[in-house]
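*Asks:* Below are the chains, spelled out letter by letter.
There are 2 protein chains.
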Amino acid sequence: MMEGACQIHVGMKKIVIGIDIGGTNTAFGLVCDEGKIYGQGRLSTQQHPDVDRYQEELFLGIQQLLRLVEFEYEIIGVGIGAPNSNYYKGTIEYPANLPWPGVTPFVEKFKRFFPALPVVMTNDANAAALGEKIYGAAKNLNNFVVITLGTGLGSGFVINGELLLGHYGFAGELGHVIINHTGRVCGCGRKGCLETYVSATGIKRTVFKLLADKMGPSEFRYISYNDLTAEMITNAALNGDPLAIEAYEYTGEQLGRALANAVLITEPEAIFLFGGLTKAGPYIFEPTKRYMEQYMMTQFRNKVDVLPSGIEQGNAAILGAAALIWNEMLRAGA
Amino acid sequence: MMEGACQIHVGMKKIVIGIDIGGTNTAFGLVCDEGKIYGQGRLSTQQHPDVDRYQEELFLGIQQLLRLVEFEYEIIGVGIGAPNSNYYKGTIEYPANLPWPGVTPFVEKFKRFFPALPVVMTNDANAAALGEKIYGAAKNLNNFVVITLGTGLGSGFVINGELLLGHYGFAGELGHVIINHTGRVCGCGRKGCLETYVSATGIKRTVFKLLADKMGPSEFRYISYNDLTAEMITNAALNGDPLAIEAYEYTGEQLGRALANAVLITEPEAIFLFGGLTKAGPYIFEPTKRYMEQYMMTQFRNKVDVLPSGIEQGNAAILGAAALIWNEMLRAGA
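Chains as they are written, first to last, in our numbering: chain A, 181 to 514; chain B, 181 to 514.
Treat the hints with care, since some could be wrong.
[Said to hold, decoys possible] Mimicking EDC-like on lysine to aspartate or glutamate, the simulated pairs with C-alpha atoms at most 16 Å apart in a straight line are: (1) B:Lys371 to A:Glu473; (2) A:Lys193 to A:Asp213; (3) A:Lys289 to A:Glu237; (4) A:Lys483 to A:Glu473; (5) A:Lys371 to B:Glu473; (6) A:Lys384 to A:Asp407.
It is worth saying that the hints were derived from the structure and are not from the lab.
Whole structure, please, built from the sequences with the hints as guidance.
*Replies:* See below:
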């Protein structure tokens, strides 16, 4: 399970415990400062409706990893990425996809296992943004956005080198910007949110809209909505399928237009795209950039890059969670 | 011309020179730390196509004001609010409404008169936001937005107590967020920008749209587009005119929807509206708040206030410009 080795330093090595809480599973790992994951584990989130029991199992898993470490180490903190989590309060609040209803004081509870350590939690897209800054393609940038394209669309904004959290700790929710208020129904209860167009689910919906609007043949005419995956659409686009390419063009148009508006507010120097849809390469990046520039106000044109994330997909969530702690260390000048 | 007196302190009094550069006129004044304007002057911007000559006249005007000061003082800086200005570079870049084309290194030039002092410049809406923080209704707030409703729509964002400037210094341009990409033609060359709906000009356009769409009588059927002013519409609304009230309702809807989206990105605790349209009172505040909440994502609902600015209209621009310097002093812990 040792997936990488930390560089050899003199004396005791500092490591951070990174935890990524997803709706189905939780991934956790030990991360050293150069971004190597030294040992990684997994736990079902779904099967743990009791959060105390879940935390005990998580702690056991972490202890198992720590027993395998073959060098002297010091744990300097615990970073957690979780949906609907509040950085300021350490709570997870009304999560749609986690088995803990209402408000859970997750950090306060988890600190019983690490009473002397900083335990910091934010949502997965914010964690991804910090991961990009500490380990990825945004190492020298102070103003940038990371867009995570998964089942939904998450976003993390870094402004003057700091994570944008907002007054209540929920800022940076670009996925729920309404781009068409009479548009597609969203899981949040409203209509026309960006993520209903730009996400793995969004592009599926777009393929079905195109199947409805057009008459031509397509391999997707043989597949049910529930059997269709974004990966199939990506592969079809890469194989030159016109309908799949058009679906990506449409996705890029919606994303590009939304980014042109977002740039007016925070004016980043770069926007990084992360997640499954980015495997379509030029089919997503090219229209996104093209429509962003087309709808951009003149003085902002050709100033903002749209780039792929510099973080490997498999490790991103744990690295991002760990980056929460490394970032606090950097800010403290340690 | 002495419009207020600074409070009596022991010893030398600190004052800031505040300058507001508008398309038609420039206003300038001496501002002390409690926000009193001690002397105020005016100069035509329009009639000075030569920026060096303009700056000389401006400096003469400031010297005249200083000669009238009846206490011992120390000038601690010069704050300038100007359209299309760049905080980082001290430049005014391609202004549509100023007589200086291209890029003018305004701060660098003006420093010849004040070589030993900080000279800081930003756009008028950013200055208004700092004015609100130092002298107005946002004194205890660290995350808020100020929307200035004039000929156009300006916005200044304060995040964690700091002005949001962006990587290139032009952030916070909510007036040019596109709310309908097939909508009204904007002076910026694009279509459907928020300020084509929400501004003094925007509400005039809305009245003319309503006159076109509807059949009923209205006092506005006797007035040409060029003779109509936003003030007439405000007065008509306050007198119960249904068409004027509907124009405000429509304006509030567009603004409320745009704010619901903007809140998702920066999550402020309050949004302040400033400028002529706010004289309509409930006719602008009520629909803005109602539509903002209606289109707001659930977890953000009923958390963000929409409030009138706490700064008097006449003094706002000079106070805002001066606040640039007072804010730097506060940040430096002076």
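*Asks:* Compare the structure with the hints numbered earlier in the document and write down the numbers of the violated ones, lowest to highest.
*Replies:* Of the numbered hints, all hold.
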